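Chains as they are written, first to last, in full-length UniProt numbering: chain A, 1 to 470; chain U, 1 to 470.
Honestly, the hints are just simulated from the structure, not real lab data.
Heads up, some of the hints might be wrong.
Identical chains share a label here; the pair holds if one copy fits it or two copies do between them.
In silico lysine-lysine, DSBU-like type, Cα no more than 30 Å apart, as pairs [unchecked claim]: (1) K401 with K370; (2) K161 with K13; (3) K59 with K87; (4) K329 with K366; (5) K161 with K306; (6) K44 with K291; (7) K249 with K161; (8) K13 with K428; (9) K291 with K13; (10) K161 with K59; (11) K62 with K401; (12) K393 with K62; (13) K393 with K20; (14) K161 with K142; (15) K451 with K62; (16) K249 with K428; (17) K161 with K401; (18) K44 with K451.
Values in this document were obtained by computation on a predicted structure and should not be read as measured data.
2 protein chains.
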Amino acid sequence: MVSMVQRQGDVIKELEAVFKDRLFTEPHILSLYSHDASSEVGVKPMAVIQPVSVDEVVKIVKLAIDYGFKIIPVGSSTSLSGNATPKLENTVIVSLERMNSIIEISDIDWYARVQPGIKDDELNLELMSYGLQWPVDPASSKTATVGGVISNGGGGMRGAKYGPASHWILGLEAVIGTGDVIRIGCRTVKCREGYNLVQTFIGSEGTLGIITEATLRLAPLPESFVGLMARFRDAESLVNAVIRVKRDKLWPMVTEFIDYMIAQVLGLEPMYYLWIGIDTYSGSEQQILSKLNNDVSLSGGEIIDKAFTWQEFSKILEPRRMLYSATLKAAFNDYGTDAFVAFEDIAVPTSKLPEAVREIQTLGQKYNVKMVIGGHIGDGNLHPTVWARRSDKDEMERIMKFFEDVGKLAIRLNGTVSAEHGIGVQKKGLLREAISSRNDGNSDYVINLMKNIKRVFDPYGIFNPGKIFD
Amino acid sequence: MVSMVQRQGDVIKELEAVFKDRLFTEPHILSLYSHDASSEVGVKPMAVIQPVSVDEVVKIVKLAIDYGFKIIPVGSSTSLSGNATPKLENTVIVSLERMNSIIEISDIDWYARVQPGIKDDELNLELMSYGLQWPVDPASSKTATVGGVISNGGGGMRGAKYGPASHWILGLEAVIGTGDVIRIGCRTVKCREGYNLVQTFIGSEGTLGIITEATLRLAPLPESFVGLMARFRDAESLVNAVIRVKRDKLWPMVTEFIDYMIAQVLGLEPMYYLWIGIDTYSGSEQQILSKLNNDVSLSGGEIIDKAFTWQEFSKILEPRRMLYSATLKAAFNDYGTDAFVAFEDIAVPTSKLPEAVREIQTLGQKYNVKMVIGGHIGDGNLHPTVWARRSDKDEMERIMKFFEDVGKLAIRLNGTVSAEHGIGVQKKGLLREAISSRNDGNSDYVINLMKNIKRVFDPYGIFNPGKIFD
């Protein structure tokens, strides 16, 4: 034990020599980095470093190889599955928050090169002046960093049409577990240079290396837009409206919802709220709106607001972005700092949505849990969220059973146990169940492929231990 | 030598017992499978098998492990880089042409499950009756199979907006080099179940396993469409029109071109032809058309045809689909069966297109080669194609130098040496150069990552040897 402490002291000294006032070992700062936005409980890391260059990142990785410490690369730690929560004390948190520049925006080529620490909204604000967007838009876009979104493979609000993060990343620079810097991918949408290493990084939750630069694919902001906010008496009517829209072959960029409980917390009438936003060219707005009108009213809903630009729509969408904070507020109202919140994140094929929503409500009653539900309903992505008093063993058990059962429900309905939050710590069991369900009851050989890929990039097991399958 | 022939006899006997009349060893059939649509010269494989089930595919792989023979999985062998050309005699071609069913189409969930041997156009014809499309559309879509398109990571005509194959594949079933069947990915667009193994398969050119089923993401067919065919006196004017369209923030689904020589072969006036197709909703057509009109005429072009549905547009696009066959026709007119055709496939950022086209024409003159050029100009993807008399060593050398120099040009312009055709045999050198150019003059560690990933899926080195980096 003494020699380990001794050794840890040596590491800190070496790191201090390089990083000076960008190395933190003060207990209150270590506490801040001992967890992420999920309720997962972590341990204090041994240090937090804020590098400012790829060379500094290489130095950290080489020291980790020499001294055997672990690294968790983080952006804003907005993970809701415990992806960024340290579980081992010999961990150094590498926070990319100071590597947050935009290196280049090309308004003809529709790409941007950025450092990983830039926040999603900051980037999109800048892109707006070029008439462009990076359409990867998690609800946490004000806080989430681009590097975090990439590592997490996030989807978000514009994913139903534009696809998840993986469709919007052209190239990466990253430091892998050997200390080598690799520059992979291209600046063009088409890029067929051997195996797609960029895609292997996307959604790898910081387990393969540290992303130090990204080349992002951009899209033009829609020339015109038709957006609405509607409300419904029950979840099933809302889901039916979504299905009608798909049957009409309208292809919304955004289809979001929240339930009556969240609405209440936000000061809205306690009903189910739906947002649909369709990107289009000028001249088509009225006919799209009349179809949407029809779809909503035939499903028993009522349109309560409309928008005809993306900017206007972003404003009326604001309550949906509050799902996370409103849930936390409800949980803290109930239990104060003793609250534990579990964020589910399943997706099911659209046709299974009515059954999924019904069953989730039944499970909520069965386990007698406090639950809200919302999500990206256009791509079948639901976020049922439950909370309990940490100190109440029975209630904690009930929300954990609910969490597991919702995952199993997703599997039964041919869906996924993780749509965009990733596996982190909290979904490791469900990941195995999902893979088993498709592979004749055996998850081992698929998980082993992943473990072997991990070894290819991180042969010494430095990065984010204890996550996904570890 | 005798024992190898003996052993080969034993293999054939074992295969015959299982596959009966779906095993072929007749020399003229082996000849057919000794090459692909590129001019790459291959060797006769020892046998061709047409399995009809995943179990049969497993049997073949297990025999390959036991007997040490190699496997090349093929669809219609439309590769233009030699991806499907056998280079070793102890190769069994596994042709998926009989595994060509559509298993399921879900018109609400917008996915289809298919076997790999179905042809791209056959699938899209069926989907049309649902108002849906699989928007991965290589020029060879009449012949190319879905499995081949996936293995090749193809892009095609609708890629500038809709992205390449990798955006349209949700899940795969494949037999890997251990003989295990893996089912990876989901039926939903969002799917974050650990590392993205599906993406590793896409574009892997048959080197990691044999795809036996695919779950494809679908999109609605556009409600309305504005398409045009225009012609220009020179390439630069055409490219400028494309840049104007992007500056206008129009986001075409299709932007294609051919040059004056191909036009001539097709019986059109010898000019440069551009096709632009924009998917939209009804009501916006006239204002889109007026913008396009402006962009074309300000660039010195002339609109010669228009279309207002995708189906109509497909018809006027037909000459562009003939790029491959028209080039072959020109080459065979010149040299008969002695013709060797080299298909380049670079992409550069849009802003570099004028320079790229100019330099390619200069290189064509420098090496005094017969050249045509066309491609998916909306995503910067150019296909300069040259031919020579195989028996003319000097001319062959000149086209090879041209081929190499065009690849180097792409690297210099921050583009890629392979946009959608893959590496196969013909781009192995250029792949290393492209990777070196971004990685401080060293391609080894990136290539080694790929070699190690290959080992994860194919530990015995069974699949498609001699390709990409091998």
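Going down the list of hints, with the structure as the test:
no. : hint           : verdict
1   : K401 with K370 : within (13 Å within a copy, 70 Å between copies)
2   : K161 with K13  : neither (50 Å within a copy, 52 Å between copies)
3   : K59 with K87   : within (23 Å within a copy, 44 Å between copies)
4   : K329 with K366 : within (24 Å within a copy, 71 Å between copies)
5   : K161 with K306 : both (20 Å within a copy, 27 Å between copies)
6   : K44 with K291  : neither (54 Å within a copy, 59 Å between copies)
7   : K249 with K161 : both (12 Å within a copy, 18 Å between copies)
8   : K13 with K428  : neither (35 Å within a copy, 46 Å between copies)
9   : K291 with K13  : neither (66 Å within a copy, 63 Å between copies)
10  : K161 with K59  : neither (41 Å within a copy, 40 Å between copies)
11  : K62 with K401  : neither (42 Å within a copy, 42 Å between copies)
12  : K393 with K62  : neither (43 Å within a copy, 51 Å between copies)
13  : K393 with K20  : neither (44 Å within a copy, 64 Å between copies)
14  : K161 with K142 : both (21 Å within a copy, 27 Å between copies)
15  : K451 with K62  : both (22 Å within a copy, 23 Å between copies)
16  : K249 with K428 : neither (37 Å within a copy, 43 Å between copies)
17  : K161 with K401 : neither (33 Å within a copy, 43 Å between copies)
18  : K44 with K451  : within (26 Å within a copy, 38 Å between copies)
In terms of the numbered hints stated before, the structure departs from hints 2, 6, 8, 9, 10, 11, 12, 13, 16 and 17, listed from lowest to highest.
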